[in-house]
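Asker: The listed protein sequences correspond, in order, to chains G and L.
Numbering of the first sequence is given in this note's numbering, commencing with residue 1 and proceeding in unit increments.
Numbering of the second sequence is given in this note's numbering, commencing with residue 1 and proceeding in unit increments.
Worth double-checking, as some hints may not be accurate.
In silico negatives: residues of chain L with every beta carbon more than 10 Å from chain G [to be verified]: (1) Val22; (2) Val100; (3) Ile194; (4) Leu279.
Part of the chain L face toward chain G, derived, beta carbon under 7 Å [claimed, not checked]: (5) Thr60; (6) Gly94; (7) Leu115; (8) Leu141; (9) Asp215.
For the record, the hints were derived by calculation from the structure and aren't laboratory data.
Glycine included, C-beta positions come from ideal geometry on N, C-alpha and C.
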Amino acid sequence: MMVWLLLVGVFLITTSGVFCLAVSRPPVRERIFCVQIVIGALLCVWPLTTAVAQSGLSLELDWSVPAGRFELGLDALSAVFIAPLLLVVVSGAIYGLRYWPSAEHSENAPKLGLFYGLISGAMILLLLARNSVLFLSAWEVMALSGYFLITTEDHKEDVRKAGFIYLIATHTGTLALFGLFAVINQVSGSGAFPLAGSLTGAGSSLIFLLGLLGFGMKAGLMPLHIWLPGAHAAAPSHASALLSGVMIKTGIYGLVRLTSFFAEIPAWWGWMILVLGAVSGILGVALAIAQHDIKRLLAYHSVENIGIIALGLGLALLGRSYGEPALVLLGLSGCLLHVINHGLFKSLLFMAAGSIIHAVGSRDLDHFGGLLKRQRWTGLFFLGGAVAISGLPPFNGFVSEWLIYLGVFQTLKSTSSALSVALLAAPALALIGGLALACFVKVFGVCFLGTARTEASARAHEAPPTMLWPMAALLLACSWIGLLPFSLRSILEQAVVNWSETTPTLSLGGDLAPLNMISLGGWLLLGLLGLTGWQVQRRSASAPADLGTWGCGFSFPTARMQYTASSFADSLVRLFRFGLWSHRQGGQVDGLFPKSKDFSSHTPDLVLDRGLTPTFSGLAWLFTRLRRIIQNGVAAIYLLYVVLTLVVLLTLVAY
Amino acid sequence: MISRIVLHICILLVFAPLPLGVINKTKALFAGRVGPPLLQPYYDLARLWRKGFVFSRTTTWVFLAGPVVGLVVPLLASLLIPFGGLAAPISFTGDLILFVYLFGLARFFTAAAALDTGSSFEGMGAVREVTFSCLAEPTLLFGLLVLARGAEKLTLNSLLGPQLFNQWRSDAGASLGLILVCLFVALLVENSRIPFDDPNTHLELTMIHEVMVLDHSGPAFGMILYGAAMKLMVLGGLLVRIALPFQTGSIPLDLLVFLGGMLGLAVLVGVVESTMARLRLPRVPQVLVGTTLLSVFALVLVLR
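Bound conformation, chain G alone:
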């Protein structure tokens, strides 16, 4: 019964765009689309809560596809991924009503709606799938719908380019997944997902490496993140929210689910994920600081947050290898909670960024400024998201990072000296946190504070309520997790049990107990801030507020004198020069009365722009030359090829 309810919900979400293609009047079409998604999501909520409260749901049906039966399952591990997905999908759909109305975007709005519903449904289905063929089908539908979301504005050159890179990346990943599931099928003997802890060593290294390539590509772990910044910048903001907040997590889900199959985890798996996580985290945030495009910047922060999630997963894997149940619990809870958290605050930030872009008409940070006066609510929501993503109390980002820290500190108690190397994850996490804070001070300061840098920014308007309410809901969810984190305790513990059946349940109880105290700390902080703020507000109400900022005696300040995004980032970018290799042009002034000078800086992507693009253009050049030599149009030479091939084949047969 519950399963069927869930399936109806998924069906409604998936087909939300299909039915309205038939309706010709845009406003009606949009409302049908939105209502269908909301009803679909609501239908999913009930099964979700029962799945967590009880041991889970499952469904098995016969189908004519080879390799097993149509199998679905919903356990706490899947529920952790589905719950934020539903919230993001619904808020994105409502947000899109005003952000991308059909009336203004008649050429691509139907396409956007169709694929928005399709990708949402495919993602839920893939999180439910317990059969490799079903999983891969859902995976492909998701990947291709993602492509169409990214290329919504396909009349723009850079959008087409971003979509193309995404398509290459996602299919490279899918190729690895085909290999992965072929090997698993061979090992386990059927297309159904193996039970947790049922696979033994055979072929496990190959499986893990293939999984890391395929799922890591989707998740955007550092050397595999090439598609992510361009794609997330190109899509419309609510689609970016869905892609960045939810879709890349399917890669994490894949890794978590894959590692749950194995009874024993070799230690190098955990180390590898831990190292990749640290690299993604630090370089992701360093690259983010150097960006000028607000959506590109947010996309690089996804790389950073995937790094934090991978740190948690790596710790949990190490915990299983070294037999430390507390490490498993804290690492995986931190990982999963950060999955939820990142889904919430990243979507919030993308929507807030969309609201700014909507008002100012630019994505460049240096075109904004002083927006808090004109966009009070957007500014407030963005600030909340910024505090949350920087991992600061009292919001949710802090809680998950705190769990991962506790996991890291857990290795202190271990007797194994190899495990204590994992301690280095703590300062890495601290560095990531510090840099993320710097980055979001920059974004919030440059966008919302100070004075307007352009005419458009000075005339900006607040977003309509249809766009504000979804953001409010997401911020509310963020603060709910931040202030009442113990409400998620049972689902996290259940998910850890789903992931590793061997972890003794009784040792799980105490380690998450301090969540209550975190909550107390958060409320205390909020109360004290409210009280002091109210006092100060009251005392300062009558103060003069129409004076200029003091400019050291210079009384004609202009907006151009403010610190810009580039100047803010400059000192940090210089610190990371060894890893970023930014271009810097001009800027040196000389003499007493220098002429006006230009300065520009640009930070290309480390892997894509510095590594892959030059390599592949080199290869393309080489092959063009080779083809010109080999395929030269002379019939006699072609006959020579045939003869040579024949001779080689005959020789091979002879041996």
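Starting from the known structure of chain G, fit chain L onto it as the hints suggest.
Answerer: Using the frame of chain G, we list chain L on its own:
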């Protein structure tokens, strides 16, 4: 319980500005001046509190949020840290991470408030503040990790518990010495003291924290100063406890040792400020990376 919390907060509120007075007096002694009275920071705070606010037309409510968060955060953080024999009122596994991140919150809002003025000076200060403290943060965590290894528990209460005394006398003493030095450097950075920053000049291009609060006036500025004093006391409390790990068991006596240690720390800061010049800005990250590496050594020493 309630009375101990009240005592804890009272000690913080009453005692916090005194070390600043001691620092100034020490500097004056070194310079051969009489210097301001020891209680001058209290008079300054009282004077600022009686004044009115002035705002620039550029600013928004974020401009006021900076001082508010800057005042509340050290107050809350102090509840997590023991003062001498007086145990921390709030204590739970992993509170040390909350302790570190609370200061991150204060930094976020102080820097945002600085950017709210739209002045390039304050932008400059904000950048330097966030840059230097993200380099100081790993040092702080390494130090806490070393302490946690000795205590085998993850609460600040037990990290700074009575086992420190034996730890100093065991093999781990060397690494405690190392992290004491590193934490002292972190304290100087976090509280914007010489050689990293100069709290007494407001408008040199080289300033960090002080240039961020340039446009704050009256009570808001008072709150910033008071918050900074409390931050010095809270972070200093960590150092004093490691440096003076004696515990007699009687709370008043332990408190006296602790407060005496705070004044000693203030004298030390004063001596450093009188005998050193401010570092050039490009040197600051190098020093911080250096202390991070030193604290890695300290950690390796206790882990081996």
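Asker: The structure should be examined with respect to each hint, and the outcome stated for every one.
Answerer: Hint check:
1. The Cβ of Val22 (chain L) lies farther than 10 Å from every Cβ of chain G, with a closest approach of about 27 Å, so its non-interface assignment holds.
2. Distance check on Val100 (chain L): its Cβ comes as close as 7 Å (rounded) to a Cβ of chain G, failing to clear the 10 Å threshold; non-interface status is violated.
3. Against chain G, the non-interface label of Ile194 (chain L) holds: every CB pair exceeds 10 Å, the least being about 20 Å.
4. At roughly 15 Å from the closest C-beta of chain G, the C-beta of Leu279 (chain L) stays outside 10 Å, upholding its exclusion from the interface.
5. Hint on Thr60 (chain L) holds. Least Cβ distance to chain G is approximately 5 Å, under the 7 Å limit.
6. For Gly94 (chain L), the suggested interface contact is upheld, since its CB lies about 5 Å from the closest CB of chain G, less than 7 Å.
7. The beta carbon of Leu115 (chain L) is positioned within 7 Å of a beta carbon in chain G (closest approach about 3 Å), and the interface hint is therefore held.
8. With a cut of 7 Å, the hint placing Leu141 (chain L) at the interface with chain G holds, because the nearest CB-to-CB distance is about 5 Å.
9. Checking Asp215 (chain L) against chain G by beta carbon gives a least distance of about 6 Å; that is within 7 Å, so the hint holds.
Violated hints amount to a single one, hint 2; each of the other numbered hints is respected by the structure.
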